[in-house]
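> Each chain is listed here by its residues.
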Amino acid sequence: GDSVTQMEGPVTLSEEACLTINCTYTATGYPSLFWYVQYPGEGLQLLLKATKADDKGSNKGFEATYRKETTSFHLEKGSVQVSDSAVYFCALSDSQGAQKLVFGQGTRLTINP
Amino acid sequence: ETGVTQTPRHLVMGMTNKKSLKCEQHLGHNAMYWYKQSAKKPLELMFVYNFKEQTENNSVPSRFSPECPNSSHLFLHLHTLQPEDSALYLCASSQVGTGDYEQYFGPGTRLTVT
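Chains A and B are the protein sequences, given in the same order. The opening residue of the first sequence carries number 29 in the numbering used here; numbering runs sequentially from there. The opening residue of the second sequence carries number 2 in the numbering used here; numbering runs sequentially from there.
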């Protein structure tokens, strides 16, 4: 079945550092890809998405490009802030037509001032 | 109210209690979901409802009983829970049939079973 693998956390960075959180996926069809973010004490919020190969999703300074050849959707930001501290989830839409998302295990990010 | 709301936000219950979690979506969506989020398994899909019909039950124990009276409301009835059921329970909604798979999440109910 479909699956998502994220880099192990936790990740700790200093403010203004560059961020990359790796995400790779396995799917039999052509899924849409998502990054969700969960701030402390809250539910998940959509951060960005891409619906087809070579699409780039972007929001709040974060970017991710749908790479079909490497089955990847890595999350990047050039300069992180303390307010970016959260748990980040990579997800894909089920490629068998079921209306559901398959989530990775999440990566906890902590940004120190 | 906007988006997806969940009540209560926090719940402490004994193993012999019966309680219910409530979710309401104000987005006009036709699909709703229950997820369990715990330290051991970060995000587990429990139930899916499309047009008020349950379309998925991921081998969830019968002590969890979902109810979807209409496309805007979703309940999770709890009885004789175990301490390992302590977790954050998240509700989500989406619009089926548009090709947009984005799900919108509520803030969750933090459940503690004593």
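Think of the hints as simulated: they come from the structure by calculation, not from any bench. The C-beta atom is built at its ideal place from N, Cα and C for all residues, glycine as well. Wrong hints could be hidden among the right ones.
Reference listing, derived: stretches of chain B covered by chain A, where coverage requires no fewer than 3 residues with Cβ under 8 Å from a Cβ of chain A [as the list claims (entries may be wrong)]:
1) 17-26
2) 75-81
In silico lysine to any residue, SDA-like type, Cα no more than 20 Å apart, as pairs [unchecked claim]:
3) B:K41 <-> A:K88
4) B:K41 <-> A:K96
5) B:K37 <-> A:T52
6) B:K41 <-> A:K105
7) B:K42 <-> A:E44
8) B:K37 <-> A:K105
9) B:K42 <-> A:L76
10) B:K42 <-> A:K88
11) A:K80 <-> B:K41
12) A:K80 <-> B:K37
13) B:K42 <-> A:T33
14) B:K37 <-> A:Q73
15) B:K41 <-> A:L76
16) A:K96 <-> A:P68
17) A:K96 <-> A:R136
18) A:K88 <-> B:E103
19) A:K105 <-> A:G69
20) B:K37 <-> A:S100
21) B:K41 <-> A:E36
22) A:K80 <-> B:D101
23) A:K84 <-> B:D101
24) A:K88 <-> B:G100
25) A:K80 <-> B:K23
26) B:K42 <-> A:K84
27) B:K37 <-> A:K96
28) B:K42 <-> A:P68
29) B:K42 <-> A:K105
30) B:K23 <-> A:G69
> Holds or violated: K42 (chain B) with K105 (chain A), Cα cutoff 20 Å?
violated, 27 Å
> Is the Cα-Cα distance between K42 (chain B) and T33 (chain A) 20 Å or less?
At roughly 14 Å apart (the allowed maximum being 20 Å), T33 (chain A) and K42 (chain B) satisfy the hint.
> K42 (chain B) and K84 (chain A): Cα distance at most 20 Å?
The hint is violated at about 29 Å.
> Does Q73 (chain A) lie within 20 Å of K37 (chain B) when you go C-alpha to C-alpha?
Satisfied, since the Cα-Cα distance of roughly 16 Å is no more than 20 Å.
> Checking one constraint from the list: CA of K42 (chain B) to CA of P68 (chain A), max 20 Å. Satisfied?
Given that 20 Å is the threshold and the Cα spacing comes to 17 Å, the pair holds.
> Below or equal to 20 Å on CA atoms is what counts here, so check K80 (chain A) against K41 (chain B).
violated, 32 Å
> Sort out whether K23 (chain B) lies within 20 Å of K80 (chain A), counting only the CA atoms.
violated, 35 Å
> Given the proposed pairing of K88 (chain A) with E103 (chain B), does the C-alpha separation stay at or below 20 Å?
Satisfied, since the Cα-Cα distance of roughly 18 Å is no more than 20 Å.
> Keeping to a limit of 20 Å between CA atoms, is the pair of K96 (chain A) and P68 (chain A) held or broken?
violated, 32 Å
> Under the criterion that the straight-line Cα-Cα distance not exceed 20 Å, is the pair K80 (chain A), D101 (chain B) satisfied?
The hint holds at about 12 Å.
> Can the restraint linking K42 (chain B) and E44 (chain A) be considered satisfied, given a maximum Cα separation of 20 Å?
Between K42 (chain B) and E44 (chain A) the Cα gap is close to 31 Å, so the pair fails against 20 Å, i.e. violated.
> Given the hint that K96 (chain A) pairs with R136 (chain A), test it: the Cα-Cα distance must not exceed 20 Å.
violated, 26 Å
Consistency with the previously given hints fails for numbers 1, 2, 3, 4, 5, 6, 7, 8, 9, 10, 11, 12, 15, 16, 17, 19, 20, 24, 25, 26, 27, 29, ordered from lowest to highest.
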